[in-house]
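Sequences are here, hints too, so could you generate the full structure?
These protein sequences, in sequence, are chains A, B, C and D. In this text, residue positions in the first sequence follow this note's numbering: the first is 1, and each later residue adds one. In this text, residue positions in the second sequence follow this note's numbering: the first is 221, and each later residue adds one. In this text, residue positions in the third sequence follow this note's numbering: the first is 301, and each later residue adds one. In this text, residue positions in the fourth sequence follow this note's numbering: the first is 381, and each later residue adds one.
It is worth saying that the hints were derived from the structure and are not from the lab. Warning: the hint list may mix true and false statements.
[As the list claims (entries may be wrong)] Label-pair ranges, simulated between beta-carbon atoms:
#, chain 1, residue 1, chain 2, residue 2, range
1, D, Asp938, C, Ser335, 48 to 56 Å
2, A, Arg35, D, Gly454, 34 to 42 Å
3, B, Gln279, C, Ser335, 14 to 22 Å
[Claimed, not checked] Distance condition first, Cα-Cα at most 30 Å in a straight line; then the derived DSSO-like pairs of lysine-lysine:
#, chain 1, residue 1, chain 2, residue 2
4, A, Lys213, A, Lys27
5, D, Lys1103, A, Lys113
6, D, Lys705, D, Lys664
7, B, Lys246, A, Lys184
8, A, Lys109, B, Lys246
9, D, Lys1103, B, Lys246
10, D, Lys664, D, Lys433
11, D, Lys521, A, Lys113
Since this is a predicted model, take the numbers as computed values, not measurements. Quick reminder that beta carbons are idealized off the backbone N, C-alpha and C, glycines included.
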Amino acid sequence: MNAAVIVFPGSNCDRDAVCALRDHTAKSVHRVWHRDTDLPKVDLVLLPGGFSYGDYLRSGAIAARSPIMAAVQAHAKRGGLVVGICNGFQILTETHLLPGALMRNAGLKFLCKSTPLRIENADTPFTSAYDDHGETAIPIAHHDGNYFADEDTLDRLEGQGQIVFRYVNNPNGSSRDIAGITNKAGNVLGMMPHPERAVDPLTGETGGLAFFKSLAGAMA
Amino acid sequence: MKAIVHIRPRSGVLDPQGQAVAGALKHMGFDEVLSARQGKIIELELGDDDEQAVRQRVQKMCEHLLANTVIEDFSISIEP
Amino acid sequence: MKAIVHIRPRSGVLDPQGQAVAGALKHMGFDEVLSARQGKIIELELGDDDEQAVRQRVQKMCEHLLANTVIEDFSISIEP
Amino acid sequence: MSMQKDPASFEQAQALGLNEDEWGVILKRLGRTPNQTELGIFSVMWSEHCSYKSSRRHLRKLPTTGACVICGPGENAGVIDIGDGLACIFKMESHNHPSYIEPYQGAATGVGGIMRDVFTMGARPVALLNALRFGSPDHPKTRALVSGVVAGIGGYGNCVGVPTVSGETNFHAGYDGNILVNAMCVGIAEQDSIFYSAAKGAGNPVLYVGAKTGRDGIHGATMASAEFDDETEAKRPTVQVGDPFTEKRLIEACLELMQTNCIVAIQDMGAAGLTSSSIEMADKGGVGIDLDLDKVPQRETHMTPVEMMLSESQERMLIVLRPGKESEAQEIFERWELDVALIGKTTETGHMVLHHKGETVCDIPIAPLGDDAPNYDRPWVAPPTLPVINAGEIAPGDPAKALLSMVQSPDMASKRWIWEQYDRHVMADTLKASGGASDAAVVRVHDTNKALAMSSDCTPRYVLADPYEGGKQAVAECWRNLIASGASPMAVTDCLNFGNPERPDIMGQFVRAIDGMAEACRALDFPVVSGNVSLYNETAGTAIPPTPVIGGVGLIDDAATAMGFGGAVAGDTLILLGETTGWLGASLYLRDIEGREEGAPPPIDLEQERRTGMLVRTLIHGGQVHAVHDLSDGGLACAATDMALASRCGVHLMASDTLSDAAWFFGEDQGRYLIAVKKGAVDALLDQAQQAGVGAKVVGTMKGLDVVLGDAMPLALDLLSQKHENWLPAYMEDA
Ligand SMILES: Nc1ncnc2c1ncn2[C@@H]1O[C@H](COP(=O)(O)OP(=O)(O)O)[C@@H](O)[C@H]1O
Ligand SMILES: [Mg+2]
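Take a look at the structure:
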């Protein structure tokens, strides 16, 4: 069983995601070019961080219209796992696989720092290895991470357990401190923090290890 | 033919850029500024001459790409 | 009173955003798109009623903050 | 022939910065009067920027060879051997003037330009550094310049996806009218696929790739001397705008092409764009080159040949291909949605020939452009020797008060506001970056256990006071920072920022700074493999403080042994290595506390420097130390405070029984390190230092939650941290 990482022009965390999946889920990982129209047979599709199309127009907007996205949508509809990290989260909202939108950080500046997170729902394929309502720390690195949705949507997300990660100290103005959400079915996750950068004590934090451990379990 | 698409944050949606602009202007002594909103303008050069058709096509471009209707409204004007 | 400031890249200045938008529209099948330029719109609510004076003040705001005249042009329109 | 249309005049040549002698050489070599296009080409090739006419003979004094050097200065970037068949390719460059005019785009395009110099040689860029000098915080322009420059550096590097791992930021009124924005890029390549710029062989196709050509950044003087007409305003030189998205695709596409066997030579289009890239490739390859300008992808209409040749549009590369490889190469760039065009070929003529709209618009022999390039021995005067300040003459003050004030001074205050805007971790190999409690940034070599350490350094105060000692010091401090991070220093790049070289006093600064650098590089076995010179940094007759920035790279064999200054624990003993005389001349203390910018800077004994550094390296490799920090601005007290803040543990420093508090705690004697060691290891370590011929002295202990200097009032870590962290955000937000 294996995973695919989609590469858009301007993706720049694709290699990091491939390495983290390879090293911490023991699965084989395919890179898939955004112009392709078919996915290989995979359990998980990961949309990596970066600046697809330079984040021009809106972050993730142009990538969301890439040919491969139809296949990603079909994969999600079949119940396949989809993860969008940072720019990948932005792409998922632009594709409407996830509700809401990611707007410019409230402070208007790009922010790269470690952020403490609370696990709001450990009963998902992405978080099963974390302690429910426990805390971890994973770095963020984004300019447009300010999650917005209307109040009804936010209430629905809360009610249905779709809020998975919340910031302990909201760094970017996100509504209800949201750092990561799933779709209603629970098989599509978007998150702004970068778990793939938090898997090696040599490079700093290890708050992302449980994320990949959860994925490994879910793909088993 | 030229189409001008004006995209603005929907009312009720937070507009951090507009807020920052208003704050900075007030700080600079422009006390008459009550509020500011920041939007985008996209000017398209089109190789098509039928205004009716152009408007329809640009409407589609907005819906499919140029605007994110979760957070933005758009309006279109056509110039010959 | 309301002032609308339209800021666009100066002609001759590279506009990577506009280029990316045009490229994406073409990829999506909007072949009639020849080119696109992306600019900003800033709408200001002002607590002042004298059009003449408002125009002058907004001109100053543009020069001092809103536009980067090294690479951008701006135009102002006033609405009551 | 059409080449003789639009002949140029001497007045036009003068307006483009050429003098009478240079004009004479052109006439002689061509055997006729150049036309406008040809004149434009000579003027940019013989500009200070491209020809190094004031600096060339002095740069030659720098040592450029060494066991690790694969390719020294002369190519796009320097190349060193880091073992296992890998090479590190790196260079630093200035973008000072453009950043002052348009801080965001100026800084952004500076980052883009230096990355191209590195990947054009076959390296994947893995780290960026930036050395920034701004005017006084009180100057009305400073805040906007800081904000724009930082956003521009981040905006470009973050988007391309190369971590910005380190830098330095100073403020001084001497930069009020001329800020410095120096960017360094470090890349990693396979030694067997390094690409050079010599386009050997005639008949090879020339491929243009990347962005389209516009009228960006064409030399202002060129346009000023052009005919005045209605279109002049529209054609006026435009500021270059960076497009990091195109750069990212260009990196991926070029690295992909480099895996094939298509490339003879490759060169980025930097300063003087198509002109310098094509001429350098042809000149080094000993061939001629024919270009059809109508084939150049153009962003604007009605561009003239000279405009195309001088355009500095960003994100463009020129590649000479093996014949028959055209479509293989083109396909790669098309897949990355980049403009690509065959625009000419190499020839046997030794001439550069340009065609435009059916006419030949330029035909000049290439060799003379290099061989006859001006090379001046500008007059210079030796800088005056400043008196040594006697520390005893400085009024005693409260060291705690001084320390609290210094940690929040503009130069010493935390630069978190800056580096949090930089993606420091993309590529997932950053071990230590800004804010990571290390004197050098450390980046792992992907998929290996090795790591590269890197640092950029210069203390302009010292260079202004004594260019020779200051030049030495910049190199030594960089070397020290690499040592302190556990690395073996390998080689350096430099960026020499000075004023107007036509002034003998400025030329004197330049010459002596290079002498000092050369001596230090030689003594420390730290060769210069690439660099950049930026002259004429002056406004209204006032030059910047001379600022030769050194960017050094070192190698760490086992990434897990990388050292920092945040690992000290309560109970550790602090040992000061090196000699302390209490040198306050040209120190930060004298400037910021006493308000005096005076005196000779601290001298450096390079032999001693080397011995001390080697001992530190041995201690780190032996696992004998918890933390290491070199002493620089602010001396012992500031270094110990850094250590305390990073280790989250207080520190008690003893006063000296011979030196005043100011001299002991804040003196800036060179070649010193502060190390934190387990209490039980102290005696053995002192013996070891003695045997190595290095001064070593117990100066304090890690304990509690205060910084205590002798008998002075304790300063709580929280207070120090808050003052240290708050200055820059408070300054920036006070818009
Ligand atoms: N412009 C900048 N960009 C990135 N990091 C910076 C910048 N300026 C300062 N820093 C970081 O701030 C810290 C302190 O810098 P500095 O005082 O110059 O260090 P040192 O004196 O030890 O060489 C370092 O981690 C450095 O990398
Ligand atoms: Mg240091």
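Right, here's what the structure says about each hint:
1. D:Asp938 x C:Ser335: 48 to 56 Å: The hinted range 48 to 56 Å holds for Asp938 of chain D and Ser335 of chain C, with Cβ atoms some 54 Å apart.
2. A:Arg35 x D:Gly454: 34 to 42 Å: Hint holds: Cβ distance 40 Å, inside 34 to 42 Å.
3. B:Gln279 x C:Ser335: 14 to 22 Å: Roughly 19 Å apart at Cβ, these two residues keep to the hinted range, so it holds.
4. A:Lys213 x A:Lys27: 11 Å, holds
5. D:Lys1103 x A:Lys113: Satisfied, since the Cα-Cα distance of roughly 20 Å is no more than 30 Å.
6. D:Lys705 x D:Lys664: 22 Å, holds
7. B:Lys246 x A:Lys184: 44 Å, violated
8. A:Lys109 x B:Lys246: With a Cα-Cα distance of about 20 Å, the restraint between Lys109 of chain A and Lys246 of chain B holds, given a limit of 30 Å.
9. D:Lys1103 x B:Lys246: Since the Cα atoms of Lys1103 of chain D and Lys246 of chain B sit roughly 28 Å apart, the hinted pair holds (cutoff 30 Å).
10. D:Lys664 x D:Lys433: 19 Å, holds
11. D:Lys521 x A:Lys113: 29 Å, holds
In terms of the numbered hints stated before, the structure departs from hint 7 and from no other.
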